[in-house]
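Visitor: Residues per chain are reported as follows:
Number of protein chains: 2
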Amino acid sequence: MTFTTAHMSISLDGFVAGPDQTRDDPIGRGGMRLHHWHLDQPQHEVDARWTANLLRPRGAYVMGRNMFGPIRGDWAADGEQWRGWWGDEPPYHAPVFVLTHYEHEPIEMDGGTTFHFVTGGIGDALAQARAAGGGDVDIAGGASAVRQVLAAGELDELSLDIIPVLLGRGERIFDDTTVNELELVETEHSPLATHVRYRITR
Amino acid sequence: MTFTTAHMSISLDGFVAGPDQTRDDPIGRGGMRLHHWHLDQPQHEVDARWTANLLRPRGAYVMGRNMFGPIRGDWAADGEQWRGWWGDEPPYHAPVFVLTHYEHEPIEMDGGTTFHFVTGGIGDALAQARAAGGGDVDIAGGASAVRQVLAAGELDELSLDIIPVLLGRGERIFDDTTVNELELVETEHSPLATHVRYRITR
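Protein sequence lines, in the order shown, are assigned to chains A and B.
The first sequence begins at 1 in my numbering and counts up by one.
The second sequence begins at 1 in my numbering and counts up by one.
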């Protein structure tokens with residue numbers, strides 16, 4: 001029994017990141033506007049509940065290479081090992097399987113997070129994460145990782161924070177998706193986001 | 001003082017009509033799945049409320065040519081005048097301004113609906129509808145008409161019924177949109193749809 005989820009903030013026109021992503025602006029132009037609901041303080045009570053849900057303990061994670069970091073190859077620059085965006089203690093507290101084309105030793109962080117590097121593609125990453133996490137896996141992002149899992153028909157639950165903003169361009173999660181049966185499980189809203197949770201029948 | 005609205009049913013991946021639209025299937029492949037919430041009987045109480053809102057009396061309407069009918073030119077085939085999809089008494093009960101490239105005399109229907117044909121583009125259609133409707137105008141659809149009004153920055157309120165289905169391909173309403181400030185006014189949901197209403201600041 002496995003359970004695979006993803007939770008993404010998405011603009012009303014369907015983008016989870018803005019255009020023109022760079023090393024200094026990894027979320028793309030306007031992309032930060034998708035994240036005020038969980039970053040701004042104080043939070044609306046509804047948004048706090050969905051943030052807590054996003055941060056609840058999980059068995060393991062799968063993460064795309066763009067979400068792990070802007071560096072390719074050995075994840076090192078200027079002799080320094082890249083260890084992700086999150087400082088010494090990332091918020092995952094579990095094994096995180098990073099999709100990449102380059103072999104790399106695992107990187108153990110404080111607080112229980114270990115980054116593992118998987119070169120066998122999304123199926124391999126999912127299998128390793130499910131084995132490590134007792135079947136309980138969250139796709140941490142970004143857009144491409146979620147898109148691949150959706151396209152593979154391997155997602156059980158999708159939570160979206162629909163933000164009342166139009167980005168015009170950027171990265172979508174639904175291109176090439178073969179899934180078309182979803183069941184609305186829950187929805188709540190604050191002034192900043194309409195939160196929806198869907199169960200996917202596969 | 002004018003107030004211009006649109007109300008569209010949209011798939012979770014952003015399509016208001018399916019792909020491969022034809023004369024026999026004007027809403028495209030899978031497109032009917034966007035409309036069960038207001039067509040299926042009995043309706044969920046929430047869906048009934050949003051249907052009533054959709055059908056409330058309005059001053060005037062603007063409609064794209066694809067929504068009026070599949071026929072071009074003089075809107076006639078086999079010697080028969082095309083009078084829309086809605087039978088003798090369309091549900092508008094007000095002047096409806098149809099975007100077209102071809103001049104045509106107005107067509108007066110039962111119940112107060114008159115179809116007027118406007119060749120001057122979206123700005124002309126909006127001006128005529130606002131004059132006829134005391135400023136109160138709804139964009140009846142389809143995708144292209146709503147897209148043009150959004151792109152022109154002329155929409156005050158957008159209601160969407162977000163349907164838990166992924167169509168994969170089809171017609172979008174947000175391409176080329178310049179608007180990016182929306183305010184969530186209201187949201188409600190049934191098992192079939194998450195209804196959201198946004199006010200647009202212009």
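Derived by calculation from the structure, the hints in this document are not laboratory data.
Note that this is a predicted model, so its numbers are computed, not measured.
Possibly wrong hints are sitting among the right ones.
To be verified - Here chain A is said to cover these stretches of chain B; the calculated rule only asks that three of the stretch's residues, wherever they fall, bring their Cβ under 8 Å from a Cβ of chain A:
(1) 5-14
(2) 161-170
(3) 181-189
Stated by the list, open to error - Examples of chain A residues lying across from chain B (beta carbon under 10 Å, computed):
(4) Trp82
(5) Glu157
(6) Leu160
(7) Asp175
Unchecked claim - Per the computed footprint, the stretches of chain A lying under chain B, defined by three or more beta-carbons under 8 Å from a beta-carbon of chain B, are:
(8) 12-20
(9) 136-142
(10) 184-191
Yeah, the Cβ is synthetic: ideal placement off N, Cα and C, and Gly gets one too.
Visitor: Would you mind marking each hint as holding or not holding in the structure?
Guide: Results for each hint:
1. 5-14: Since three or more residues must qualify, the claim that chain A covers the segment 5-14 of chain B holds, with 3 doing so at under 8 Å.
2. 161-170: This one holds; 6 residues, not fewer than the three required, reach chain A with a Cβ under 8 Å.
3. 181-189: Result for this restraint: holds, n = 6.
4. Trp82: The hint is violated - tryptophan 82(A) has no Cβ within 10 Å of chain B, the shortest such distance being about 33 Å.
5. Glu157: 12 Å, violated
6. Leu160: The hint holds - leucine 160(A) has a Cβ within 10 Å of chain B, the shortest such distance being about 8 Å.
7. Asp175: 8 Å, holds
8. 12-20: Holds: 3 residues of the segment 12-20 of chain A have a Cβ under 8 Å from chain B.
9. 136-142: violated (count 0)
10. 184-191: holds (count 4)
Violation of the numbered hints given earlier is confined to hints 4, 5, 9; the remaining hints are satisfied by the structure.
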